[in-house]
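Q: Below are the chains, spelled out letter by letter.
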Amino acid sequence: MDDFLLTLVLTLDAAMRVSTPLILAAMAGLFAERSGVVDISLEGKMLASAFAAASAAAVLGSPWLGLLVAIGVSCSLAMLHGFATITHRGDQIVSGVAINILAAGLTIILGLAWFHRGGGTPSLANDERFLSITLPGVDIINHIPLIGTIYRELLSGHNILVYSAFLIVPLVWWVVFRTRFGLRLRAVGENPAAVDTAGLSVIKLRYKALLVGGILCGIAGAYISIAHNAQFTRDMTAGQGFIALAALIFGKWRPYPVLSACLLFGFLDAVAVRLQGVTLPIIGEVPVQLIEAAPYLLTVILLAGFIGKAIPPKSVGVPYVKER
Amino acid sequence: MDRNTRINWINRLLLPLLNVLTAFAATAVIFLLIDVNPVEATKILLYGAFGYEEGIGYTLYYATNFIFTGLAVAIAFHAGLFNIGGEGQAYIGGLGSTLIILAIDPGASVWIFVPASIMGGLLFGALWALIPAYLQAYRGSHIVITTIMFNFIASSLMVYLLVNVLREVGQMQPQSAFFPSASWLPFMHNLFANFGVTIEQSPLNLSLFLALFFCFLTWVFIWHTRWGYAIRATGLNSTAAVYAGIKPKQIIILSMCISGALAGLVGINELVGYQHRLLLDFHFGYGFGGIAVSLMGRNHPIGIIIAAILFGILYQGGAELAFEMSNISRDIVVVMQALIILFCGALQYMYRPWLIRTLAPIQEQSHG
Chain U
1 MDDFLLTLVL TLDAAMRVST PLILAAMAGL FAERSGVVDI SLEGKMLASA FAAASAAAVL
61 GSPWLGLLVA IGVSCSLAML HGFATITHRG DQIVSGVAIN ILAAGLTIIL GLAWFHRGGG
121 TPSLANDERF LSITLPGVDI INHIPLIGTI YRELLSGHNI LVYSAFLIVP LVWWVVFRTR
181 FGLRLRAVGE NPAAVDTAGL SVIKLRYKAL LVGGILCGIA GAYISIAHNA QFTRDMTAGQ
241 GFIALAALIF GKWRPYPVLS ACLLFGFLDA VAVRLQGVTL PIIGEVPVQL IEAAPYLLTV
301 ILLAGFIGKA IPPKSVGVPY VKER
Chain H
1 MDRNTRINWI NRLLLPLLNV LTAFAATAVI FLLIDVNPVE ATKILLYGAF GYEEGIGYTL
61 YYATNFIFTG LAVAIAFHAG LFNIGGEGQA YIGGLGSTLI ILAIDPGASV WIFVPASIMG
121 GLLFGALWAL IPAYLQAYRG SHIVITTIMF NFIASSLMVY LLVNVLREVG QMQPQSAFFP
181 SASWLPFMHN LFANFGVTIE QSPLNLSLFL ALFFCFLTWV FIWHTRWGYA IRATGLNSTA
241 AVYAGIKPKQ IIILSMCISG ALAGLVGINE LVGYQHRLLL DFHFGYGFGG IAVSLMGRNH
301 PIGIIIAAIL FGILYQGGAE LAFEMSNISR DIVVVMQALI ILFCGALQYM YRPWLIRTLA
361 PIQEQSHG
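Just so you know, the sequences run in chain order U and H. Numbering of the first sequence is given in my numbering, commencing with residue 1 and proceeding in unit increments. Numbering of the second sequence is given in my numbering, commencing with residue 1 and proceeding in unit increments.
Source of the hints: derived by calculation from the structure; they are not laboratory data. The structure presented is a predicted model; accordingly, all values stated were derived computationally and were not measured. The beta-carbon is built from N, C-alpha and C at its ideal position, and this holds for glycine as well. Certain hints may be false.
List of simulated lysine-lysine pairs, BS3-like, C-alpha gap at most 25 Å [stated by the list, open to error]:
id, chain 1, residue 1, chain 2, residue 2
1, U, 314, H, 249
2, U, 208, U, 252
3, U, 314, U, 208
4, U, 314, H, 247
5, U, 252, U, 314
6, U, 252, U, 322
Selected chain U positions facing chain H (Cβ under 10 Å, derived; list incomplete) [unchecked claim]:
id, residue
7, 113
8, 199
9, 306
10, 312
For reference, chain U alone in the conformation it holds in the complex (with noise of 0.2 Å):
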């Protein structure tokens, strides 16, 4: 039975872990969606900050510095992604695409021309990293049967970035719905004329909200890159960012339950991790595919309207055109 709880334990501990950039990634789109602006180019975001991370990280020795330059790449792509979309009133979906395969082939062909690794960074030292911290306590309520266990693997033990995660939540309910930038974010979303009208300027707005989900997603980046792991690699994200799109839908745009799907979709994904290969009883041995292609199988089915209903904001996917 301790065997089992301790199991479980480190499975909801790896869970954290994975659905740490998953949640930062889901609140960056939860921004720009909620802002009426489709954005599929988190996965993009998030793979040009990871390698911004590694490679400022890897040159200036620190992780902070490596933090900040990942934010401003991924925020220079969100503003790309606006002026495409905004100004121009480009097709969001198009420019989404061009921003993902842009990451995806420009992290390599700059990793080659700085690193000569073969598109990667050099593997970077623990000074210049976001490195796990101890909370204070653990040894006192470690004595503390289950308590003790919960707080030493589960609680304690993250890097910075994992705990701010889960802190931005709480946030990022807070702006959206307590604040007047908030309201006025829902609105721009759901009726921009109404907001025009109003005398608020929808494209302001919509840049504003782009450039908050440009921050979360270099934070998410940054964690992969220089905290989760250390060094970057290619096309290290691997399919993150949708999987905090299909959150965010799962979570229906709204803050806690983003969260909770992100949650769901990390375990899943610790859960995998952790049956490969095993065999169990009664259902023999588990296709991992199976469990990976869950978070997407998910989706499919919420979208379809089986579990509940997924409503986007009115105006998503609509650029805005003034006096029509």
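Please arrange chain H on chain U, whose structure you already have, making use of the hints.
A: Relative to the frame of chain U, chain H by itself:
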């Protein structure tokens, strides 16, 4: 020229040309960033693509894939849909061709194998697009999101099948058994040899003619049949199309199935024509490349052929470039693809206001 003619010229010729040039200019900037002389790089690239017969063969071989996926994206675009699932449909289409070939008795004739494998690719590609199409038409889920999800589902499914079901007995690699040789599409160099013409060996096979044939079919279908008319009407204004007696839901299903079927033919060129077995990720990048090809070719078969050849040049020339220069890899082609999608797609109207202001200004009315 009066103003409308000028605007027409701007929209049809000047603007697309300027967009492509911008994409190339941006690529040149990237070359300069990584200390590569863009002129030198272009020379190597063009030599790799055209300099020798084998290079030309490879160029056209890659172009064939891009024609299939480009047509696929274009048909969906005409119906006002964005099929971003070409990757998955190409992958599953290849599975369809493989399953049919492996199911047929190895002694059968080529006249059975080839049509059957083409049907397999068409059918499986269409089926993989049918589910998102049905969900969009009848359950209201957005086609872009579902097709993205289906790309990932396809990829997981194929890994599972290749590792657990289709893997050749006694092999470690996740790949199927070789197809019987009667099922192979003839290589161009073999075909030409029959007529006494010797050309260098390359993976170029009969699929190129198949691709050109489907370009012609697409042209006839879109512009000269009532279904094509219905598709275009729905794409331009689905509300108005309803009053013409068109049922947009059926059009979504029809156009997506055709789109998926065309993408499903990538496997014919890659697997039946060249590799002769099912491989992991054989389709990689062609689905997304199809988006760039379709945007650049303005959704017209002729434009798609030209754009596909350009991408074939980039693919083959890019390989030559990576071979010649140590500090560059084939991923430069991916970057160019992205820039073309950006400037010919997302930013396609960037220059339009400026062009119209300078070349076709509104004439002052003279009040006599």
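Q: For the pair supplied as a hint, residue 314 (chain U) and residue 249 (chain H), confirm whether the alpha-carbon distance does not exceed 25 Å.
A: holds, 21 Å
Q: Answer holds if the nearest beta-carbon of chain H is closer than 10 Å to that of residue 306 (chain U); otherwise answer violated.
A: Cβ of residue 306 (chain U) sits 8 Å from chain H, so the hint holds.
Q: Would you settle whether the hint for residue 312 (chain U) is holds or violated, based on the nearest Cβ-Cβ distance to chain H being less than 10 Å?
A: holds, 8 Å
Q: Straight-line Cα separation of residue 252 (chain U) and residue 314 (chain U) no greater than 25 Å?
A: holds, 13 Å
Q: Is the Cα-Cα distance between residue 314 (chain U) and residue 247 (chain H) 25 Å or less?
A: Holds, at roughly 24 Å.
Q: Quick one, are residue 314 (chain U) and residue 208 (chain U) close enough, alpha carbons at most 25 Å?
A: Since the Cα atoms of residue 314 (chain U) and residue 208 (chain U) sit roughly 19 Å apart, the hinted pair holds (cutoff 25 Å).
Q: Between residue 208 (chain U) and residue 252 (chain U), does the CA-CA distance stay at or below 25 Å?
A: holds, 22 Å
Q: Holds or violated: are the alpha carbons of residue 252 (chain U) and residue 322 (chain U) at most 25 Å from each other?
A: Violated. Residue 252 (chain U) to residue 322 (chain U) sits at ~28 Å, over the 25 Å cutoff.
Q: Holds or violated: residue 113 (chain U) as interface residue toward chain H, Cβ cutoff 10 Å?
A: Holds, about 4 Å.
Q: Given residue 199 (chain U) as an interface hint, is its Cβ closer than 10 Å to any Cβ of chain H?
A: Result: violated, 25 Å to nearest chain H Cβ.
The structure does not agree with the numbered hints 6, 8 stated previously, though it agrees with the rest.
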